[in-house]
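Student: Quick note, the sequences are listed as chains A and B, same order.
This note's numbering numbers the first residue of the first sequence as 1 and each following residue consecutively.
This note's numbering numbers the first residue of the second sequence as 341 and each following residue consecutively.
One or more of the hints may lead you astray.
[Claimed, not checked] Derived contacts from chain A toward chain B, CB cut-off under 8 Å, selection only:
no.	residue
1	F69
2	V259
3	Y278
4	R307
[To be verified] Each computed SDA-like pair below joins lysine to any residue, with the alpha-carbon atoms no more than 20 Å apart:
no.	chain 1	residue 1	chain 2	residue 2
5	A	K290	B	I626
6	B	K489	B	Y461
7	A	K290	B	F383
8	A	K215	B	R433
9	B	K384	A	R13
10	B	K387	B	R420
11	A	K73	B	F383
12	A	K181	A	R13
13	A	K280	B	G606
14	B	K495	B	Q549
15	A	K280	B	P565
16	A	K73	B	G606
17	A	K111	B	D613
[Claimed, not checked] Simulated restraints, written as ranges between beta carbons of each label pair:
no.	chain 1	residue 1	chain 2	residue 2	range
18	B	E371	A	S70	30 to 38 Å
19	B	R623	A	D310	47 to 55 Å
20	A	S260	B	D533	41 to 49 Å
21	B	K531	A	M281	24 to 32 Å
22	A	N226	B	N524	45 to 53 Å
Hints are computed from structural coordinates only; laboratory data are not their basis.
This one's a predicted model, so the numbers in the text were calculated from it and none came from an experiment.
Glycine included, each C-beta is placed from N, C-alpha and C at the ideal position.
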Amino acid sequence: MTVKKIAKKELARLLDEWSRQFSVLVPSVETGVAQMTGWQGEDTSFVDWYRNTILPPKDAILPVMEEMFSFSKNEDGYRLEMSPPDSGRQLIFGIRPCDARALAMLDVVFKQDYEDTYYMRRRLNTVLVGIGCTNPYDSCFCTSLSSGPSDTAGLDLMLTDIGDEFVIEAVTEAGRELLDKSQGMRPATADDEARARESRDIANQRVTQNVDVKKMPDRLLAAFDNEEYWRKIAAKCISCGICTLLCPTCYCFDINDEVSDNRGARYRSLDSCAFCIYTKMPVENPREEKWQRVRNRVCHKYEFYPRLFDTIACTGCGRCIRLCPVNWDITRTLNSIPGQ
Amino acid sequence: MAIDEISNRKRFLAGDNVYLPHIAVIEKIIEETPDTRTFHFSFKDEKLRREFSFESGQFGEFSIFGVGEAPFCISSSPTRCDHLEFAVKRVGRVTSALHRLGAGAEIGFRGPYGNGFPLGYLEGKNLVFIAGGIGLAPLRSLIWNVLDKRDKYRKIDIIYGARSPADLCFTYDLDSWKQDKTVNMVTTVDKGDDSWTGREGFVPQVLEQLAPSAKEAVAVVCGPPVMIRFTFPVLAKLGFTPGQMITTLEKRMKCGIGKCGRCNIGDIYVCRDGPVFSYAQIRDFISSEY
Ligand code: SF4
Ligand code: SF4
Ligand code: FES
Chain A
1 MTVKKIAKKE LARLLDEWSR QFSVLVPSVE TGVAQMTGWQ GEDTSFVDWY RNTILPPKDA
61 ILPVMEEMFS FSKNEDGYRL EMSPPDSGRQ LIFGIRPCDA RALAMLDVVF KQDYEDTYYM
121 RRRLNTVLVG IGCTNPYDSC FCTSLSSGPS DTAGLDLMLT DIGDEFVIEA VTEAGRELLD
181 KSQGMRPATA DDEARARESR DIANQRVTQN VDVKKMPDRL LAAFDNEEYW RKIAAKCISC
241 GICTLLCPTC YCFDINDEVS DNRGARYRSL DSCAFCIYTK MPVENPREEK WQRVRNRVCH
301 KYEFYPRLFD TIACTGCGRC IRLCPVNWDI TRTLNSIPGQ
Chain B
341 MAIDEISNRK RFLAGDNVYL PHIAVIEKII EETPDTRTFH FSFKDEKLRR EFSFESGQFG
401 EFSIFGVGEA PFCISSSPTR CDHLEFAVKR VGRVTSALHR LGAGAEIGFR GPYGNGFPLG
461 YLEGKNLVFI AGGIGLAPLR SLIWNVLDKR DKYRKIDIIY GARSPADLCF TYDLDSWKQD
521 KTVNMVTTVD KGDDSWTGRE GFVPQVLEQL APSAKEAVAV VCGPPVMIRF TFPVLAKLGF
581 TPGQMITTLE KRMKCGIGKC GRCNIGDIYV CRDGPVFSYA QIRDFISSEY
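Could you put together the complete structure from these sequences and hints?
Tutor: Okay, structure coming up:
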């Protein structure tokens, strides 16, 4: 597919240009927490400081909370009104390869069987422009999951940093069209592409954390009933749910109603399998104990999801390791499954 | 796998959006026990009222606007479609709010979801229906379904138990099944009161005493998890194979369509793959979280 390049100092102009068609999201720390927020113009310094966002970009497609529909009542009874989408076409600029891959994993769930109206209407209106990582974290382990800092899966366009310029590669047809229409692009030379390759190789080598995922579903299956192991693994977890809320591949949600000032609405909000009430029924709770919940989280990613959809539902982004308040580390769990 | 017939799962989406409920009107409320009520309801939309279909064992997400959604199985039979029914035991927020509703109130309904009982597999068999408490709700849909096409099935035993005489649900059904000469109906309570002249004893014990033959039979068991746990071994003792034992599993189901994640038992999603399973399937689950 098409390969072009653009100078870094041209970037602000390009984002301005794209803003005419899309709401463009870029990495920012405006709120104190690195996340994707609306492009404000001018400041492209994120290109230098940004390693990955704390909040995963899934937020732009599966928000922490969203209104599904509102309801009102008159003499004829209830009237429901589907809530309009809060954004039109959007472009996420600077999404990391792992997070784009994660969206591809969510797509499978929200598309299968009954299509999820709310997820799909955002997803189909979203263009993903990735920047390959040059400075991965120590906690990243994407390369163990047949991915890496230059993986293009799930992206429409992929940018590779070659110093003062980015090499831009179209991954999908939608990406190619966007690239063809964009101003200020120059063809990438063979030399540029060689530098891009070199940049990718260096980044790949910088990912040093390793997990052994060979025969993963079966190995986990063998340890599934090893309660002692799971109790040990889960001991320090405080069930805060941060790992799941920040995980780009977690998608569990809850549905609740809110009524205020004569207006009622049904909302969807993210939920977490780390919470005891998540599965609680009036009499029984199948995952009452913490070790059962930790086991479910690990096994959903590395055993159940792969059984259903043939891919491990973890991208190795390392968020759950970096951001856990008690330093719970999934790689240590995966590397210590009994019987390996 | 014993259940090879997966229902064809007809879909009735409101406005192409799976989360948008249909509006339904409560037409009648029956006080089954002090804490359990049956609600008769019909869809407000006339076309849907005509076209809606479901299978015994399927469930819906019922909602009160402003309070929230909860899953209940449809307790009426698809063979009697002039209205629909569901039964609710008052145990939490949504169920309490439902109990406060009167006739004429409007509720939301999404569904039907889940697989339903494998009618094709039951055809031509001797059927043993075993239920406890409000577990009769999904089963009565199936029982009426079967009785309305009586000649497709052979011998029918029904064993129903509750904690006390006051806890017996659907007594009007129990009466008509007792009068039905083609049905062997046994009612039992854990503990009777002064006026109780019927049988006393737990459902699994009564089952053991009655000892229905496993030959060309299928047992369908619905009730509280403890009852199910004690009933399976008795059935096994009577010669029922795991494939001849069918039950429904209960989970906290929010989306009902395999997305919100909470109803899983390993890689099985009860809302989508169930709620009806044979014991042969359950035995093969990765996890025992049920
Ligand atoms: S972030 Fe850490 S402490 Fe919190 S639920 Fe996850 S593993 Fe447990
Ligand atoms: S489980 Fe952890 S490392 Fe894997 S995708 Fe989720 S947050 Fe990233
Ligand atoms: S109820 Fe949501 S996944 Fe089953």
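Student: Now look at each hint and say whether the structure bears it out.
Tutor: Consistency of the hints with the structure:
Checking F69 of chain A against chain B: minimum C-beta separation of about 6 Å stays under 8 Å; hint holds. Given hint, V259 of chain A at the interface with chain B, holds; its Cβ is 4 Å from that chain's nearest Cβ, closer than 8 Å. At about 5 Å, the closest approach between the beta carbon of Y278 of chain A and any beta carbon in chain B falls short of 8 Å, and the interface hint on this residue holds. Interface restraint check for R307 of chain A: the shortest CB-CB distance to chain B comes to about 5 Å, inside 8 Å, so the restraint holds.
Between K290 of chain A and I626 of chain B, the direct Cα distance comes to roughly 18 Å. Compliance with the 20 Å bound is thereby established for this hinted pair. Only pairs whose Cα atoms come within 20 Å are accepted, and K489 of chain B paired with Y461 of chain B is accepted, the gap being roughly 14 Å. Taken as a hint, the K290 of chain A and F383 of chain B pair is broken in the structure, with Cα atoms around 42 Å apart against an allowance of 20 Å. Between K215 of chain A and R433 of chain B, the direct Cα distance comes to roughly 44 Å. Violation of the 20 Å bound is thereby established for this hinted pair.
At most 20 Å may separate the alpha-carbon atoms for a hinted pair to count; K384 of chain B and R13 of chain A exceed this at roughly 55 Å. Distance check on the hinted pair: K387 of chain B and R420 of chain B sit about 17 Å apart at the alpha-carbon level, within 20 Å; holds. At roughly 17 Å between alpha-carbon atoms, K73 of chain A and F383 of chain B fall within 20 Å of each other, so this suggested pair holds. Between K181 of chain A and R13 of chain A the CA atoms are separated by roughly 14 Å; this keeps the pair inside 20 Å, and the hint holds.
For the suggested pair K280 of chain A and G606 of chain B, the alpha carbons sit about 16 Å apart, so the restraint of at most 20 Å is met. With a C-alpha separation of about 18 Å, the suggested pairing of K495 of chain B with Q549 of chain B holds against the 20 Å cut-off. Simply put, K280 of chain A and P565 of chain B have alpha-carbon atoms about 14 Å apart, close enough for the 20 Å limit, and the pair holds. Distance hint between K73 of chain A and G606 of chain B is unfulfilled; the C-alpha atoms sit about 41 Å from each other, more than 20 Å.
Of the supplied pair hints, the one linking K111 of chain A and D613 of chain B holds, its CA atoms being roughly 17 Å apart against a limit of 20 Å. Against the hinted window of 30 to 38 Å, the Cβ-Cβ separation of E371 of chain B and S70 of chain A comes to about 34 Å, which satisfies the hint. Here the CB-CB span from R623 of chain B to D310 of chain A is close to 25 Å, at odds with the stated 47 to 55 Å. Look at S260 of chain A against D533 of chain B: about 48 Å separates their beta carbons, and that is inside 41 to 49 Å.
Distance hint for K531 of chain B and M281 of chain A: a CB-CB separation of about 25 Å, consistent with the stated range 24 to 32 Å. The hinted window of 45 to 53 Å between N226 of chain A and N524 of chain B holds, with their beta carbons roughly 46 Å apart.
In this structure, the earlier hints numbered 7, 8, 9, 16, 19 are contradicted, and the remaining ones agree with it.
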